[in-house]
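Trainee: So the protein lines, in turn, are chains A and B.
Residues 0 to 270 (numbering that gives the first Met the number 0) make up the first sequence, in order.
Residues 0 to 301 (numbering that gives the first Met the number 0) make up the second sequence, in order.
Treat the hints loosely; a few may be bogus.
These stretches of chain B come out as covered by chain A in the derived footprint (C-beta under 8 Å, 3 or more residues) [as the list claims (entries may be wrong)]:
1. 173-179
2. 200-209
3. 233-247
These are computed hints drawn from the structure, not numbers from a lab.
Glycine included, each C-beta is placed from N, C-alpha and C at the ideal position.
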Amino acid sequence: MELEHTHPYPDDIWLPRPFTKGTRLYFEYGPLALRLERTAEEGHLGIKRDRPDDTCHVEVDPDDWQISISERFAFDQSWDVLRPTPVLPERSVVVRPDHALKIPPGEDVLFFVSIPLSIRLLASGNGREVALSTVPTMVLSNTWFGDPTEGELCFALKTTARRSLGEIIHRPWRVIAPITMHNRADSNLDLQRLCIQVKHLGIFLGRSFLWTHPIDAVHRGGDHPIEFNFGADAPAFEPIRQTFAQPREVRKESFLKRSFHTLRNPGSLFN
Amino acid sequence: MLMSTLPLLSVLSDLSLWLTPERVEKSIRVLILLGVALPLVWVAARILRKAVTRRTDLHYGLMASKALSYGGSTLIVVMILSDLGFKLTPLLSAAGIVGIAIGFAAQTSLSNFISGIFLVWEKPFAVGDVIAVGDNMGMVLSIDLLSVKVRLFDNRFLRVPNSQLIQNSVINVTKYSIRRLDINLGVAYKEDIAKVRAILQDVADKNPFCLDEPAPLIIFQKYGDSALEFMLAVWCARTDFLALRNSIMEQIKVRFDEEGIEIPFPHRTLYAGEATKPIPVRMVEPIAPPGPAAEPGEKSSA
Numbered sequence: 000m001e002l003e004h005t006h007p008y009p010d011d012i013w014l015p016r017p018f019t020k021g022t023r024l025y026f027e028y029g030p031l032a033l034r035l036e037r038t039a040e041e042g043h044l045g046i047k048r049d050r051p052d053d054t055c056h057v058e059v060d061p062d063d064w065q066i067s068i069s070e071r072f073a074f075d076q077s078w079d080v081l082r083p084t085p086v087l088p089e090r091s092v093v094v095r096p097d098h099a100l101k102i103p104p105g106e107d108v109l110f111f112v113s114i115p116l117s118i119r120l121l122a123s124g125n126g127r128e129v130a131l132s133t134v135p136t137m138v139l140s141n142t143w144f145g146d147p148t149e150g151e152l153c154f155a156l157k158t159t160a161r162r163s164l165g166e167i168i169h170r171p172w173r174v175i176a177p178i179t180m181h182n183r184a185d186s187n188l189d190l191q192r193l194c195i196q197v198k199h200l201g202i203f204l205g206r207s208f209l210w211t212h213p214i215d216a217v218h219r220g221g222d223h224p225i226e227f228n229f230g231a232d233a234p235a236f237e238p239i240r241q242t243f244a245q246p247r248e249v250r251k252e253s254f255l256k257r258s259f260h261t262l263r264n265p266g267s268l269f270n
Numbered sequence: 000m001l002m003s004t005l006p007l008l009s010v011l012s013d014l015s016l017w018l019t020p021e022r023v024e025k026s027i028r029v030l031i032l033l034g035v036a037l038p039l040v041w042v043a044a045r046i047l048r049k050a051v052t053r054r055t056d057l058h059y060g061l062m063a064s065k066a067l068s069y070g071g072s073t074l075i076v077v078m079i080l081s082d083l084g085f086k087l088t089p090l091l092s093a094a095g096i097v098g099i100a101i102g103f104a105a106q107t108s109l110s111n112f113i114s115g116i117f118l119v120w121e122k123p124f125a126v127g128d129v130i131a132v133g134d135n136m137g138m139v140l141s142i143d144l145l146s147v148k149v150r151l152f153d154n155r156f157l158r159v160p161n162s163q164l165i166q167n168s169v170i171n172v173t174k175y176s177i178r179r180l181d182i183n184l185g186v187a188y189k190e191d192i193a194k195v196r197a198i199l200q201d202v203a204d205k206n207p208f209c210l211d212e213p214a215p216l217i218i219f220q221k222y223g224d225s226a227l228e229f230m231l232a233v234w235c236a237r238t239d240f241l242a243l244r245n246s247i248m249e250q251i252k253v254r255f256d257e258e259g260i261e262i263p264f265p266h267r268t269l270y271a272g273e274a275t276k277p278i279p280v281r282m283v284e285p286i287a288p289p290g291p292a293a294e295p296g297e298k299s300s301a
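One chain only, chain B, in its complex shape (with noise of 0.2 Å):
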């Protein structure tokens, strides 16, 4: 029995002697930075996140949320490595000659920290905007220092690096409150231009969707190869754009064919090389497909 208690006294023995009452302060002092001082790191965040949000927009609340609960996080993994005994000093200049060699090893993370920086400053969108990047469009779920996160309609993920999107071109779709739907079609060319343009005015009018201003703009476009070309472009709410461009592609087809005005497929007129004379066409025998020999007397059915 007291062979076996022997180590147990012995640990305790040990530990009494480690636990001088600086050690127990600085312990206790971990406890309350790992316990109390992270959590309230990011409730702080949380907080800021909130507030910052309500006096500007998501886009800056994230950002300083994150700055808030970054910064405090590695501020109280630092006083925690010097409680235990870490020296900072070497470990801060050994973090900086890696951080020197990991920026040139990764210059691509780099540029896009960078490009990251300019994206908050310039701000072409916020979070929440519906954007088009290429041939992809969604709506923005986060602005972050590598990348910008995107939802895309389908429900797909997207991320799309920040240096990209500086690189190049990126449509705000969502950007002002009011955006134009072009719609081009074509008439055949024996209507009446000034019928289809009474026509299409008319359509836009009786549209609940479309805006009476700024007002629709009809533009008779050219004399395309198979039909008269037009250009409707009506003005929505962005809101409505769908229900406008649902709405009004239907109410046009369905008044162009009350008013019989054609609409015409493609279609093409081949010339012999004088303008008035049509193409000679010379009737010719089929040629009868090969087979078995006709029997005498029978008729050939060529």
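Chain A on its own, in the form it takes in the complex (with noise of 0.2 Å):
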């Protein structure tokens, strides 16, 4: 299955941009603003949040400056490149889908959940680069997966899981991570959260979208844990153009046991 999707990506504003003493530059990133200003020994960054828009570009010397400074770095005139680059949110994602949906026995399930980014700003010269800082798009509500007791704190998505390609809204502050939930058992699958444990995905940059690691969720019923398969692969959906990262930790044997023990109860993982 290929997408259809009528918006390019504005793959422009991932591009490196010099940042050489004086230099000014404005990015959206759907609901949030950056202003970076470069003087001869610093850097200052400004943030501004909630801006009622999905679009996202890149401004250098900008008319409107009306974001005040939020954090100051110093360094010396040998950094005069700065890389905007998209990451995933530092904790696992719960995301809840528009209804409480039960998936009959043998059926396979495709969602696309849309995760927004995070901008990590990365100044760089003389071979070396270093992050200056990453940045939220949007602020996320905490939420907890698992018992009181034990489980993980997570970020909750307000957004819904979708079940078509066509729902997609086109952000390109956000990522899609398609996943498909397998139900092996002979009862039904009631999907009401799906956790997401996005330190296992990478980012890849397609035609419209920016796509993870597909996801594979294997459901066998009675005692059998959920079994979480992570793609090596970027998805088909469209033709991939650029891989912007890797995932941040690679998947272990360790962190399957983890999995499978934090998820023995399909109720804990769909509760």
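Using the supplied hints, reconstruct the complex from the two chains, each of which is provided in its own coordinate frame.
Mentor: Spelled out as structure tokens, the structure:
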């Protein structure tokens, strides 16, 4: 299945920019606006949130400069390039579908989850590159996944898990995670909440969207744990033009065991 | 000159007589025990603490380190005493008798010691946890054989005997990753209960520190003396507890003000015995304060 979408992705928002003395840069990533100013030995970052807009663009030496400074960085003049790059949230994300959903036995159901990105500002020069700051495009609420005594602190995603490609809204400041649920049990799978461990996902640039690795979750019922498999390659819904980020944490056996332990009871996964 | 050097020669002569090969060997052993073995025990205790802490936690690391340090030091002292020619059998016998005597005399300490063993075994809290003992709350600095040391949040030092911790309730505030904040509040009787619920739910939904799961609880508790009493119970990460309490209390007040929800002051209605009739009020003339008698012809101000 390949997506036919009319909106090309504005990939210039992730291009490296000269960041020499006197440079002023203005970035808009959906609800987030960033201003960056370079003086001789400092960088100044301003952050503004809650823009009522989904667009993304970058402006050099902008006219509108009404964001107060939030952070200052002291560095020498060798740092002369600034590169914004998309990163996934620092914690796992819990998504709730539009309505409680039951997946009948034998069904394979595909979801598209739109996750707001964080913007990492990388300064480089003399062959070195350092992260100045990482700013979430929107402040997500906290939530807990698991029992009150044992579980994981996650971010709650107020948006819904969409069922078809056509339902996805074109928002370049978000990344799409394709998840396929396989119900191999004899009974319905009651899907109410879904926890996505984003640290095991990379980010890819497609024609219209940013994508993560595809995720497969197999429910076998009974006492069997939910099996999570993270695809090794980019998803096939669009031609992939660039790999933006590799997974922060490579999947290991210990991780699988922990996931299975956490998700041993299907009720704790979809509660 | 010869007279002055005679005592020195005498001392040297005595020393040469004393320094038999056996005594020299023992002296060297004592020096090695003091200069090498004892520091080695301390270094080994430190390494053991780090290793055990890495595998378990700081509490067990400290316990293992102290056990090795005390045990090793005692063994070295015993070896030194043996090398110095002390007879250890009567010494240990005497120590046993003295120990029993001290045990009887120090029952409180013994109780604390045994309680300490139970604390280590049961492990209701660990070093670094925040605990509440009685009216005090602070961070556990160490769990020792006789007492637990706690740094209170106002930077006072609290020593709690182990027996007290075994006998009384202790709250471990940081045992779990999430906590619940209970907020009791009242609104005037004229307010719409459904609207109050909706506002509280909205405030909880919009607060970034408030977890959406476990879901906030809004409980209509009772018809109070002066207000309809509610409890809002919201969950948060334990590290966000203060931030949540500060922000959500303020947000509730702001929203109630915006929505015109009244938070009433305590008030009382007095009845004169019949439910529907007010208390009869009778105006009386105030009594004039005592003063000089009014001149004839003057009007009384009363």
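Trainee: Hint by hint, which ones does the structure fall short of?
Mentor: none
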